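**Q** Chain A is fixed; fit chain B onto it per the hints.
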Amino acid sequence: MDFSFTEEQTLLEESVARYFQNDYDFESRQQLVKSEDGFSQENWATFAELGWLGVPFSEEDGGFGGGAIECMLMAENFGKGLLVEPYLATVVLAGGAIKHGGNAEQKAKYLPGIIDGSTQAALAYAEPQGRFNLADLTTTATTAGDGYVLNGYKAVVMNGPAADLLVVSARTSGEQRDADGVSVFVVDATADGVTRRDYPTVDGMRASEVTLEGVQVGADALLGEAGQGLGIIERAIDDGIMAVGSEAVGCMEVLYKDTVEYCKTREQFGQPIGKFQVLQHRMVDMFMEHEQSKSLMYMAAMRLDEGYGSEAQKAVSAFKVQVGKSGRFVGQNAVQLHGGMGMTDELNIGHYFKRLTIIDTLFGNVDYHLKRFGRL
Amino acid sequence: MERGLSADLLAFRQRVDTFIQAHWPSQAPTAEALPAWRQAVVEAGLSVPRWPESAGGTGWNPTQIYLWRQACAAAGIPLEQEVGVEIVGPLLLRYADAQQQARHLPGIRSLADTWAIAFAEPVAGIDYSAMQCQARPYTKGWRLDGEKCWVLHGHAAQWLLCFAYLRQACADADVSGSVGLFVIPTDVAGLTCLPQTSFDGSQHLASFALQDVRVPSDALVARSEDGAEFAHLFLTRDMSTLSQSAVARAQLDVLDQQLDQLDPQDALHAQRHAVAVALEALQAMELRYVDALQRQLEVPFPLDLLQLRSREILLKLGALQVESFGYYALPYPDEMLLHNEGSIGPDTAAATVRQNLAQHVAAMYEGSAEALKDTAWRELNSTRQ
Numbered sequence: 000m001d002f003s004f005t006e007e008q009t010l011l012e013e014s015v016a017r018y019f020q021n022d023y024d025f026e027s028r029q030q031l032v033k034s035e036d037g038f039s040q041e042n043w044a045t046f047a048e049l050g051w052l053g054v055p056f057s058e059e060d061g062g063f064g065g066g067a068i069e070c071m072l073m074a075e076n077f078g079k080g081l082l083v084e085p086y087l088a089t090v091v092l093a094g095g096a097i098k099h100g101g102n103a104e105q106k107a108k109y110l111p112g113i114i115d116g117s118t119q120a121a122l123a124y125a126e127p128q129g130r131f132n133l134a135d136l137t138t139t140a141t142t143a144g145d146g147y148v149l150n151g152y153k154a155v156v157m158n159g160p161a162a163d164l165l166v167v168s169a170r171t172s173g174e175q176r177d178a179d180g181v182s183v184f185v186v187d188a189t190a191d192g193v194t195r196r197d198y199p200t201v202d203g204m205r206a207s208e209v210t211l212e213g214v215q216v217g218a219d220a221l222l223g224e225a226g227q228g229l230g231i232i233e234r235a236i237d238d239g240i241m242a243v244g245s246e247a248v249g250c251m252e253v254l255y256k257d258t259v260e261y262c263k264t265r266e267q268f269g270q271p272i273g274k275f276q277v278l279q280h281r282m283v284d285m286f287m288e289h290e291q292s293k294s295l296m297y298m299a300a301m302r303l304d305e306g307y308g309s310e311a312q313k314a315v316s317a318f319k320v321q322v323g324k325s326g327r328f329v330g331q332n333a334v335q336l337h338g339g340m341g342m343t344d345e346l347n348i349g350h351y352f353k354r355l356t357i358i359d360t361l362f363g364n365v366d367y368h369l370k371r372f373g374r375l
Numbered sequence: 000m001e002r003g004l005s006a007d008l009l010a011f012r013q014r015v016d017t018f019i020q021a022h023w024p025s026q027a028p029t030a031e032a033l034p035a036w037r038q039a040v041v042e043a044g045l046s047v048p049r050w051p052e053s054a055g056g057t058g059w060n061p062t063q064i065y066l067w068r069q070a071c072a073a074a075g076i077p078l079e080q081e082v083g084v085e086i087v088g089p090l091l092l093r094y095a096d097a098q099q100q101a102r103h104l105p106g107i108r109s110l111a112d113t114w115a116i117a118f119a120e121p122v123a124g125i126d127y128s129a130m131q132c133q134a135r136p137y138t139k140g141w142r143l144d145g146e147k148c149w150v151l152h153g154h155a156a157q158w159l160l161c162f163a164y165l166r167q168a169c170a171d172a173d174v175s176g177s178v179g180l181f182v183i184p185t186d187v188a189g190l191t192c193l194p195q196t197s198f199d200g201s202q203h204l205a206s207f208a209l210q211d212v213r214v215p216s217d218a219l220v221a222r223s224e225d226g227a228e229f230a231h232l233f234l235t236r237d238m239s240t241l242s243q244s245a246v247a248r249a250q251l252d253v254l255d256q257q258l259d260q261l262d263p264q265d266a267l268h269a270q271r272h273a274v275a276v277a278l279e280a281l282q283a284m285e286l287r288y289v290d291a292l293q294r295q296l297e298v299p300f301p302l303d304l305l306q307l308r309s310r311e312i313l314l315k316l317g318a319l320q321v322e323s324f325g326y327y328a329l330p331y332p333d334e335m336l337l338h339n340e341g342s343i344g345p346d347t348a349a350a351t352v353r354q355n356l357a358q359h360v361a362a363m364y365e366g367s368a369e370a371l372k373d374t375a376w377r378e379l380n381s382t383r384q
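Chain order of the listed sequences is A and B. Throughout the first sequence, residue numbering follows numbering that gives the first Met the number 0, covering 0 to 375 in sequence. Throughout the second sequence, residue numbering follows numbering that gives the first Met the number 0, covering 0 to 384 in sequence.
These aren't lab readings, by the way, just hints derived from the structure by calculation. This one's a predicted model, so the numbers in the text were calculated from it and none came from an experiment. There are no misleading hints in this set.
Just some of the chain A residues that point at chain B, by a computed CB distance under 8 angstroms:
{"hint": "1", "residue": "1"}
{"hint": "2", "residue": "3"}
{"hint": "3", "residue": "4"}
{"hint": "4", "residue": "283"}
{"hint": "5", "residue": "286"}
{"hint": "6", "residue": "317"}
{"hint": "7", "residue": "369"}
{"hint": "8", "residue": "373"}
C-beta: ideal position from N, C-alpha, C; glycine also.
Next up, chain A with everything else stripped away, as it sits in the complex (with noise of 0.2 angstroms):
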């Protein structure tokens, strides 16, 4: 039992939390938000030159050779700086999808663009009909010739605006929501009979609806073996878990800490409000949320670097279901505690409590995943 970490994993975590503290300020956020793309192609490249981009590949395939302890260190600083850069969407959940489930030729065609930077990618795995039910597919893929052709719709595909490629799940046989027929394939975002419809997400990035009409990929865009994609899908959607839930975490502890200032420096009736007693306990309310939330962090962590499987997946749910819980605790705490502050575009309280209320939901909200770590 150790909880420290390794001399490169501590130099990684301070090198992303140098950057956010001296180049990633609120206001430039805002204004990359509002930006035609949403996100700044510099920074991107900044990212790359970091070595950012390929921290969760192995180092055979260009990558740094890191776990979900290097992501989670990452993404936690992600939180506290409110990145809208897609690294979730192209590194985490499309790479992710290709490292899992692609052969040698896969990764070597795909990744180094990822890890480089000149690609962007999503992962288009949610529909309509289907909530959080990864199986839930009416997307078909029905062989044609050496490849496959793919028809039907994907929801809220993040980063879809600004993606060359597609990562995408659709039945190749059984029934709708049949564990078994699910593949996945990489689709070129501009190939014929991809439609996408682009719009802004609550939480300031961006997100398509992704139209697929007789979409043709060749037999080498199928990562993994057809009909037997779920497992690539849940492990991207669970690295990605771990993603947003440490993102969730770096936000609790930048809402707690301008929390706690904020009440110690308004002064309301004579006094700083920090001195009335409901308001005190209510902040120690919002540590203790986030330190469970931390706790279920590392636990997550460890467990999925120890090997997937039942109790990894386990973890990963616990932490989600915390992280949902205290997310929204802390955020709308936030938020009553800045009183009429917290409720202005202006102040950055608001965007991390949207933040955190969209993560509850991405990936399946508390109830989904209470039921899944039950049945683990």
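**A** Frame of chain A, contents of chain B only:
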């Protein structure tokens, strides 16, 4: 980061498990089990594990103490003479002189002496600054007057550790003095014990009236200008708090057995999963806390928060256990009726209801949730800036 135990710690845990298997029955401990366990623990030199080795401690590091506590809690072994071992002993080791230590520590170490702490008062509660119990010097020592209440296991104790304000003999008697800690035998003249019945029907608590209780000078084992220093020692039980996830896990197992009897769609299942997640978080927090102690780093959060969280989880588990019985959560027969006429409804229902009520009573021993949050807030804003 590494979740597993080192080879040394795995071997240590194996030794602990072997010891427990040899000296504690795996099922349904009888009345004789506890005295036998006590003797085994004392003979093995494990009665005061976190004391310094020079005082009879084990010399274990924080992780080893944690593993020992966890294993004992998981086996359902109660902490023996907890007040003496966890609070009075460390306090005497810190403040008392050599003679006072020589007089009292052996009885604590051998688990022979039973101690209680007389801290709270009817008016002051646990607010030491409003404490009215006073000690005045006289030619042979100190005379104490006042009232103490909510003294856990007070009526069974041989010794009281009593908090009192020290008053000078001169005219400034109204000026608050320093707080003193007195060791008082419970059979001393002028001390009257009255058992207090708590709402679960038990009599674990007692009140004490002190009327001209005279004790020798060396009964005063510690004094401080800041009563908070002592109050915190009383309210925070340090390492014993860190065994609560194992206690809760055993309770979760009991709940699971009960839920097996219910409809799989019953809403209690979802509540069970929620409390199981909370328990995972509690254990992870315990591990982080112990890891910080082990590496001699600042602890990541006040211990009061672990106390608070473990209490909330145990109360929730108890409530779910009771709820699982449905209407059979209502009967509350006394032990005699149960013995003579048998159980009413499920065999374990009455005991579970009684235990849940007792948990609510026990939850107050270490201060209310609000008192713990007050302490946590002060710690968070004094040392962690």
